[in-house]
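J.: Since chain A is already given, all that's left is putting chain B on it; use the hints.
2 protein chains.
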Amino acid sequence: MTRSPVDGVRVLAFDTFGTVTDWFTGISGAVRATIPGLDAGAFAREWRRRYGPILARVESGEIGWRRLDDLQTETLHEVADQFGVALTEAASTSLVRAWRTIPGWPDAAPGIRRLKGRFVVCALSNGTVALLTDMARHNGFDWDFVGGSDLWGHYKPARETYCGLAALFEVEPAEVMMVATHQGDLDAARSFGLRTAFVERPLEWGGEEKDDTGSADNDVHATDLCDLADQLGC
Amino acid sequence: MTRSPVDGVRVLAFDTFGTVTDWFTGISGAVRATIPGLDAGAFAREWRRRYGPILARVESGEIGWRRLDDLQTETLHEVADQFGVALTEAASTSLVRAWRTIPGWPDAAPGIRRLKGRFVVCALSNGTVALLTDMARHNGFDWDFVGGSDLWGHYKPARETYCGLAALFEVEPAEVMMVATHQGDLDAARSFGLRTAFVERPLEWGGEEKDDTGSADNDVHATDLCDLADQLGC
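Those sequence lines, one after another, are chains A and B. Under the UniProt record's numbering, the first residue of the first sequence carries the number 1, and numbering increases by one thereafter. Under the UniProt record's numbering, the first residue of the second sequence carries the number 1, and numbering increases by one thereafter.
Here chain A stands alone, though its shape is the one from the complex (with noise of 0.2 angstroms):
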């Protein structure tokens, strides 16, 4: 008999930007709603490039701890003056707040509420737990547990942030399973010994080519969360 991928796994760490929720028709439909008469999907796309690149100078050292609304507030100034808008405080409020709905893909809150019938779900995210709170809230959630970088102090792909959850679920990574549509989240957690799953998001950039269509490596390949919850045998 071959081991199953999954054998062991107690506790699913789900990312949520991207993962489980569609940031690209949200945050356009922000900018859109915020700023008319602009490409909104062209500055979803910019503000959504400097994410990663401002959360890895936090972890290099190089800025101090900050949250993430904090962050997102600071890369969304940049791209209003790369666009050349002027932004109003409500504006930049409301844009930022804007993470905090965006849409739940179709598949999410009904994929995770099957596959919590079988193992521990939580959010692992670089959301704040209150962002990541509202979020479950907007779209029916159903989390056990919800893993915001703030209880940690870190941002993926720090260690910090995936073996702490293992360690608050008093399991061993391996007991653990990434799951993410973005491989170097999972790659990651992978070095850290957690399992992997990626999930397909091809219109995460909005319809956009996404180059990110995940490696061999992972132990499960799923085309969305309802697939997920199939290939677990939920």
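It is worth saying that the hints were derived from the structure and are not from the lab. You may find that some hints are simply not true.
Each pair may be met inside one copy or between any two copies, as identical chains are not told apart.
[Stated by the list, open to error] Okay, derived cross-link-like pairs now, DMTMM-like style, lysine to aspartate or glutamate, Cα gap no bigger than 25 angstroms in a straight line:
| no. | residue 1 | residue 2 |
| --- | --- | --- |
| 1 | K116 | E208 |
| 2 | K116 | D142 |
| 3 | K116 | D134 |
| 4 | K116 | D150 |
| 5 | K116 | D230 |
| 6 | K116 | D81 |
| 7 | K210 | D107 |
| 8 | K210 | E78 |
| 9 | K116 | E172 |
T.: Then chain B, alone, in the frame of chain A:
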């Protein structure tokens, strides 16, 4: 117009042992199944009486931070000695784990679900995240967030727990209402600026009279969580 006791409240923080769950029934049942021929109710009460004092020793600095399970293991052995019982390792583990599956009061799961429609609902307990997650899954408690003591490395009534939860939710302490059947928990919460709701649990000690019946200082006094939902307009 008079001010409602819940004006501005956004987050409800629930004590768990006694307030949402019936530890007496759960623990005395586990003792009865594990150690036959004993006054299981008396054993359960004695174990519970040793809970507050050992947590207080952690908060006083007399002993370093240890997870609740470890503290409960220590007090369990003290009670076993007192009752003249030799506990096996398996029996000890099983009894300590029994705190994870104590039954919810019948009104708890439906009450929490109703309250969630208007408020962010969180466990704020001296249990760990893993313990509280097991308890929630066992009883169908739909928490938005599980506030375990291991997130702060402190036990109630320490300030860090109450104010730590408010900080995570990016709200002022006055926007959080502590819900408990223990006046000491509520008095501490109020001293740090939280609102308070007392919940009657006359059977908490298994029919032995309970002198903790709630002070007039609380913002709300409820007979159970469905009554609380009624009073808070949910």
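J.: Does the structure break any of the earlier hints, and which numbers would those be?
T.: Numbers 1, 6, in rising order.
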